Amino acid sequence: MTDTTGAQEAGELPEAPEALVEEDGRNLMGGVRRYAQKYWPYEQLLPTDEPAYVSRVFYMFGSLALMAFVLLIITGVLLTVKGPYWWHTSGLGLFLNSLHFWSCQIFFFAIFVHFGSSFFTAAWRGGRGFTWLFGVLTFLVAVLTGLTGYVLQSNYDAQWIAQQAKDAMNAVGLSKVLNLMDMDNVVGWHVIMLPLIVAIFLGLHLMWVRRHGIVPPFPAEGTGFEGEPEAAGPGQHEASSSPHAGMEEQR
Amino acid sequence: MSRGAPAWKSSDVAWRGGRRPYDLVREVIISFAIVLGLAVILAIVVASPDPQAVTLQQWATQSPKDFLGTTLREVTYTSLSAQYGPPYEPASQQTGNLQQIGFISPEKWVGVDFPLNTFQDYVAKPLGEVPGNPAGPALQQWEGASSSQQKTWANAYATALGQAPDTFSGNRYAVPAGGYGPLAAIMTTQYQLAVSGGLDNALRQNTDTQVWFNDDYTLAELYLGDSGNGGLGNVVKFGRQADASCLVPGQTAAPGQGCWYYNQAVTNTAPRYAGYLAGDTWGITNEVGNFPGAWWLVPYTVWYQFGWGANASFADLWAMIATALVSLPFLFLPWIPGLRDIPKLTRVYRIMWRDYYKLVEAEKSAGWGKHAS
Chain A
0 MTDTTGAQEA
10 GELPEAPEAL
20 VEEDGRNLMG
30 GVRRYAQKYW
40 PYEQLLPTDE
50 PAYVSRVFYM
60 FGSLALMAFV
70 LLIITGVLLT
80 VKGPYWWHTS
90 GLGLFLNSLH
100 FWSCQIFFFA
110 IFVHFGSSFF
120 TAAWRGGRGF
130 TWLFGVLTFL
140 VAVLTGLTGY
150 VLQSNYDAQW
160 IAQQAKDAMN
170 AVGLSKVLNL
180 MDMDNVVGWH
190 VIMLPLIVAI
200 FLGLHLMWVR
210 RHGIVPPFPA
220 EGTGFEGEPE
230 AAGPGQHEAS
240 SSPHAGMEEQ
250 R
Chain B
0 MSRGAPAWKS
10 SDVAWRGGRR
20 PYDLVREVII
30 SFAIVLGLAV
40 ILAIVVASPD
50 PQAVTLQQWA
60 TQSPKDFLGT
70 TLREVTYTSL
80 SAQYGPPYEP
90 ASQQTGNLQQ
100 IGFISPEKWV
110 GVDFPLNTFQ
120 DYVAKPLGEV
130 PGNPAGPALQ
140 QWEGASSSQQ
150 KTWANAYATA
160 LGQAPDTFSG
170 NRYAVPAGGY
180 GPLAAIMTTQ
190 YQLAVSGGLD
200 NALRQNTDTQ
210 VWFNDDYTLA
220 ELYLGDSGNG
230 GLGNVVKFGR
240 QADASCLVPG
250 QTAAPGQGCW
260 YYNQAVTNTA
270 PRYAGYLAGD
280 TWGITNEVGN
290 FPGAWWLVPY
300 TVWYQFGWGA
310 NASFADLWAM
320 IATALVSLPF
330 LFLPWIPGLR
340 DIPKLTRVYR
350 IMWRDYYKLV
360 EAEKSAGWGK
370 HAS
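Just so you know, the sequences run in chain order A and B.
FYI, the numbering for the first sequence is 0 to 250, going by numbering that gives the first Met the number 0.
FYI, the numbering for the second sequence is 0 to 372, going by numbering that gives the first Met the number 0.
Source of the hints: derived by calculation from the structure; they are not laboratory data.
Be careful, since some hints might not be right.
Said to hold, decoys possible - Here are some, though not all, of the chain B residues that point toward chain A, as calculated from beta-carbon distances under 10 angstroms:
| # | residue |
| --- | --- |
| 1 | I40 |
| 2 | G101 |
| 3 | G249 |
| 4 | A253 |
| 5 | R339 |
| 6 | L344 |
What the hints assert, rightly or not - Result set (DMTMM-like, lysine to aspartate or glutamate): computed pairs, CA atoms no more than 25 angstroms apart in a straight line:
| # | chain 1 | residue 1 | chain 2 | residue 2 |
| --- | --- | --- | --- | --- |
| 7 | B | K124 | B | D214 |
| 8 | A | K175 | B | D354 |
| 9 | B | K124 | A | E49 |
| 10 | B | K343 | A | D183 |
| 11 | B | K8 | A | D48 |
As the list claims (entries may be wrong) - Sample of chain A residues facing chain B (criterion: CB under 7 angstroms; computed from the structure):
| # | residue |
| --- | --- |
| 12 | P50 |
| 13 | A51 |
| 14 | Y52 |
| 15 | V56 |
| 16 | M206 |
| 17 | V208 |
| 18 | I213 |
| 19 | P242 |
Since we're looking at a predicted model, the values are computed, not measured.
Ideal placement from N, C-alpha and C gives every residue a C-beta, glycine not left out.
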């Protein structure tokens, strides 16, 4: 049925006919690969060095928020598997519940510090507008996740918050979509849908952080956007707060 | 890299102002260790709040007059949830204020998606599940009576309830007898069902008797929320007069006092130590006791502290719209001239990157070339 070539005899696979191979992956998957290779080359995706200006402790709060999210997922999965009777009545359950509670507090605290440092360093410069946008979307969905989590505590606090916060949900027509007094409904949102959406936005935020790197300082007098010495000092464009500042150097 | 694709360099990879070694894996490990360590210490030392939820059984036992007075309003369709409007009843049945700003009223657009009949859902159906159905004939008599007759009985019952003691000794029903017809059997049986704990379970099963599995607490929580006409927070929003016994933070509830459910969120006593959970004290951003609450909801709850949020009948709709309106510029801040220039104008970044700016000054003084790669 097929010709036996010398290469096959030597144990090598035959080459596919050239007509079947799209040159350089000229199909949809090839497009995705070229895009990924362009914007996330390994040296940027997994860096082993960083600019010298990344030296202050405020840079850590982004990764602290990320790790708090990881701990929230781990403790959340355990709480979901064991159920409310367990976390209300056993010592280990109460401990896990407390761990989840404090992970949540650390998560939001780290996010607020991260927001503050990102704002005051105008971290959207150099094409980083979408990094900011994905970060804010992460926070907004996380707020809703936190609210549904407080309701899922299934204690007095949860009861009061559900009964009070339902007025706002009703007012904007979400009574059927998110009924805070219906635990069957809230579990689906808090345990599956909202963490998934947070994870998606968080993933996009991280990908854009790696795509553009950590924003350089506002150019000092006599330097350009990438820290290069410039006799004439930074131009108006380079020193601006626009997300397009310094973009021409990155092409 | 594919043929012809331009080389991409982010501005930090292209950075020519000096570099330092960086280990991403190490940062992840250290960050996780910090978060885990901190959370474990706080979980062991401080733990977390876990006051038990209140029950209709506790309500009827501790404040029988408030429970029975609220139940009477449920029977006569004059309670807060009976007249809430959408999504529980058509807007035409609403006596309070519809949440509407101009033509914007999502609750009216959505309409009734959780049909509620307070007499049937809170009283008749649960009582129908009591073995022997002792209130059956009374319920039939009530439903068959004219509205004027019902009103006469309800007024007579309200008068008798006013003469009842604040607490019922040994949970024995103690409303003086009177000419209130079938309400005698209905209210007695409802009270007995509540103090036995049966009402808590019955309200969970009530939405659809075909569904055995149910964790929907909507009926029970709406019923509890009707205690004391909803408390002080609903005076403006729903145009209702709260019970005189509704407290403000710092006050202590007396045994048998009305407005029982609302007062649980205001009094700072065992076992809940709620204290400041009511809406006019930043509500749900607080947590019981001294624990930090959902403080990240401040950008939303702040709208309830002044203006329309504190004084308008559409407070909830306004708070949600205002939060959304503020979120939009926050979301698109990088593209909004003026707002995005604030960091440059405040120059806080000079402090945050002070090491870098010192280095540049040193390099300039030395004639460049030392730190540039």
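Here is how each hint holds up against the structure:
1. Because the smallest distance between the Cβ of I40/B and any Cβ of chain A comes to about 9 angstroms, under 10 angstroms, the interface hint for this residue holds.
2. Hint status for G101/B relative to chain A: violated, with the closest Cβ pair at about 14 angstroms, above 10 angstroms.
3. At its closest, the beta carbon of G249/B sits 18 angstroms from a beta carbon of chain A; the interface hint therefore is violated under the 10 angstroms criterion.
4. Checking A253/B against chain A: minimum C-beta separation of about 20 angstroms lies over 10 angstroms; hint violated.
5. At its closest, the beta carbon of R339/B sits 5 angstroms from a beta carbon of chain A; the interface hint therefore holds under the 10 angstroms criterion.
6. Contact between L344/B and chain A, as hinted, is supported at the beta carbon level, the nearest pair being about 9 angstroms apart and thus within 10 angstroms.
7. A C-alpha spacing of about 18 angstroms is found between K124/B and D214/B, which places the hinted pair at or below 25 angstroms, so the restraint holds.
8. A threshold of 25 angstroms between alpha carbons decides the hint, and for K175/A with D354/B the separation of about 54 angstroms lies outside it, so the pair is violated.
9. Only pairs whose Cα atoms come within 25 angstroms are accepted, and K124/B paired with E49/A is rejected, the gap being roughly 68 angstroms.
10. Of the supplied pair hints, the one linking K343/B and D183/A is violated, its CA atoms being roughly 48 angstroms apart against a limit of 25 angstroms.
11. The straight-line distance between the Cα atoms of K8/B and D48/A is roughly 14 angstroms, inside the 25 angstroms bound, and the hint therefore holds.
12. Residue-level restraint check for P50/A holds (minimum Cβ-Cβ distance to chain B is 4 angstroms; threshold 7 angstroms).
13. The beta carbon of A51/A is positioned within 7 angstroms of a beta carbon in chain B (closest approach about 4 angstroms), and the interface hint is therefore held.
14. At a threshold of 7 angstroms, the smallest CB-CB gap from Y52/A to chain B is about 4 angstroms, leaving the interface hint in force.
15. With a least beta-carbon distance of about 10 angstroms to chain B, the hint placing V56/A at the interface is violated under the 7 angstroms criterion.
16. Against a cut-off of 7 angstroms between C-beta atoms, the interface hint on M206/A is violated, since the closest Cβ of chain B lies about 12 angstroms away.
17. Contact between V208/A and chain B, as hinted, is not supported at the beta carbon level, the nearest pair being about 10 angstroms apart and thus beyond 7 angstroms.
18. Annotation: interface hint on I213/A holds; nearest CB of chain B at approximately 5 angstroms, less than 7 angstroms.
19. Interface restraint check: P242/A against chain B, minimum CB-CB distance 4 angstroms, threshold 7 angstroms, status holds.
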